[in-house]
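A.B. asks: Using the hints, position chain B against chain A.
Spelled out from the first residue to the last, the chains are:
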Amino acid sequence: GAVVSQHPSWVICKSGTSVKIECRSLDFQATTMFWYRQFPKQSLMLMATSNEGSKATYEQGVEKDKFLINHASLTLSTLTVTSAHPEDSSFYICSAYPTSTDTQYFGPGTRLTVL
Amino acid sequence: SQQGEEDPQALSIQEGENATMNCSYKTSINNLQWYRQNSGRGLVHLILIRSNEREKHSGRLRVTLDTSKKSSSLLITASRAADTASYFCAPKAGNTPLVFGKGTRLSVIA
Chain A
1 GAVVSQHPSW VICKSGTSVK IECRSLDFQA TTMFWYRQFP KQSLMLMATS
51 NEGSKATYEQ GVEKDKFLIN HASLTLSTLT VTSAHPEDSS FYICSAYPTS
101 TDTQYFGPGT RLTVL
Chain B
1001 SQQGEEDPQA LSIQEGENAT MNCSYKTSIN NLQWYRQNSG RGLVHLILIR
1051 SNEREKHSGR LRVTLDTSKK SSSLLITASR AADTASYFCA PKAGNTPLVF
1101 GKGTRLSVIA
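Chains A and B are the protein sequences, given in the same order. Note that the numbering used here numbers the first sequence so that position 46 is 46, with each residue one more than the last. Note that the numbering used here numbers the second sequence so that position 50 is 1050, with each residue one more than the last.
Next comes chain A alone, as it looks inside the complex (with noise of 0.2 angstroms):
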């Protein structure tokens, strides 16, 4: 199958400062990314969709300026976590689809832990 990576794949930080969280597709393009994110034993949430050359689209209650999408190109998109607080803390999954199949596939996520 399609990979997907994430880097880092964990992050502590202070409260205040911001993160950045790279989802990389390795062997193919994708011009649709989606980010999630899951609290401690809770199921992933849709928090936006990002696309290529254009904005990103967010999830209802999801902070657009809090949460900053980037989508530069093909094959690479960034989340940064803005002024991140303590409530923050999560594991952020990106995922991505290959051109013309239907099975979208997931990066390894990326624990952020913020002091």
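Keep in mind the hints are simulated off the structure, nothing from the lab. Among the hints, a few may not be true.
[Said to hold, decoys possible] Covered stretches of chain A (chain B as the covering partner; in silico rule of three or more C-beta atoms under 8 angstroms from a C-beta of chain B): (1) 85–95; (2) 103–109.
[As the list claims (entries may be wrong)] Result set (DSS-like, lysine-lysine): computed pairs, CA atoms no more than 30 angstroms apart in a straight line: (3) B:K1102 <-> A:K20; (4) B:K1102 <-> A:K64; (5) A:K41 <-> B:K1102; (6) B:K1070 <-> A:K41; (7) B:K1102 <-> A:K66; (8) B:K1026 <-> A:K41.
[As the list claims (entries may be wrong)] Now the in silico label distances, taken between C-beta atoms and shown as ranges: (9) A:E52 <-> B:L1061: 31 to 37 angstroms; (10) B:T1077 <-> A:H85: 41 to 47 angstroms; (11) A:T31 <-> B:T1067: 25 to 31 angstroms; (12) A:E59 <-> B:T1027: 32 to 38 angstroms; (13) B:H1057 <-> A:G16: 24 to 30 angstroms; (14) A:C13 <-> B:P1008: 36 to 42 angstroms; (15) B:S1024 <-> A:C13: 36 to 42 angstroms; (16) B:T1027 <-> A:C13: 36 to 42 angstroms; (17) A:S54 <-> B:N1030: 23 to 29 angstroms; (18) B:G1040 <-> A:E59: 21 to 27 angstroms; (19) A:S5 <-> B:T1067: 34 to 40 angstroms.
On a predicted model such as this, the values are computed, not experimentally measured, just so you know. Glycine residues also receive a C-beta, built at the ideal position from the N, C-alpha and C atoms.
C.D. replies: Relative to chain A, chain B alone:
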């Protein structure tokens, strides 16, 4: 987007037994995908079944789809301790992103 609802929420079996998980959804779909998530990891794609398919196999996995009942099942045969994970179904219609329910937490006891 629509999410599937998995049942049961938790399942505990002995190694070697079969595990069956069910999924229900509400509206028409193009396909339905099953995923596995080990604790603290990303989702691993297991199998995709299209709306015109009724059954699909992949190794020890068997998936069924009944579009008239809007339900799917995932059967894992001869389970192993390594199958311990959470399992999610994801019904898909059109180009909408996948959304997920609470999943089924499977524990396989050696």
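A.B. asks: Now tell me if each hint is right for this structure.
C.D. replies: Tested hints:
1. 85–95: holds (count 3)
2. 103–109: Satisfied; 7 residues make the cut.
3. B:K1102 <-> A:K20: Distance ~28 angstroms between B:K1102 and A:K20 Cα, so the pair holds.
4. B:K1102 <-> A:K64: Holds, at about 25 angstroms.
5. A:K41 <-> B:K1102: 9 angstroms, holds
6. B:K1070 <-> A:K41: 26 angstroms, holds
7. B:K1102 <-> A:K66: Since the Cα atoms of B:K1102 and A:K66 sit roughly 26 angstroms apart, the hinted pair holds (cutoff 30 angstroms).
8. B:K1026 <-> A:K41: 24 angstroms, holds
9. A:E52 <-> B:L1061: 31 to 37 angstroms: At 33 angstroms between Cβs, range holds.
10. B:T1077 <-> A:H85: 41 to 47 angstroms: This hint holds: roughly 46 angstroms between Cβ atoms.
11. A:T31 <-> B:T1067: 25 to 31 angstroms: Since A:T31 and B:T1067 have Cβ atoms about 29 angstroms apart, the given range 25 to 31 angstroms holds.
12. A:E59 <-> B:T1027: 32 to 38 angstroms: Check failed, 19 angstroms falls outside 32 to 38 angstroms.
13. B:H1057 <-> A:G16: 24 to 30 angstroms: 52 angstroms Cβ-Cβ, so the 24 to 30 angstroms window is violated.
14. A:C13 <-> B:P1008: 36 to 42 angstroms: 38 angstroms, holds
15. B:S1024 <-> A:C13: 36 to 42 angstroms: 40 angstroms, holds
16. B:T1027 <-> A:C13: 36 to 42 angstroms: 41 angstroms, holds
17. A:S54 <-> B:N1030: 23 to 29 angstroms: For A:S54 and B:N1030 the Cβ distance comes to about 24 angstroms; the hint holds.
18. B:G1040 <-> A:E59: 21 to 27 angstroms: Holds, since B:G1040 and A:E59 (Cβ atoms, about 23 angstroms apart) stay within the stated range.
19. A:S5 <-> B:T1067: 34 to 40 angstroms: Given about 35 angstroms between the Cβ atoms, the range holds.
Violated hints, listed in ascending order, are 12 and 13; each of the other numbered hints is respected by the structure.
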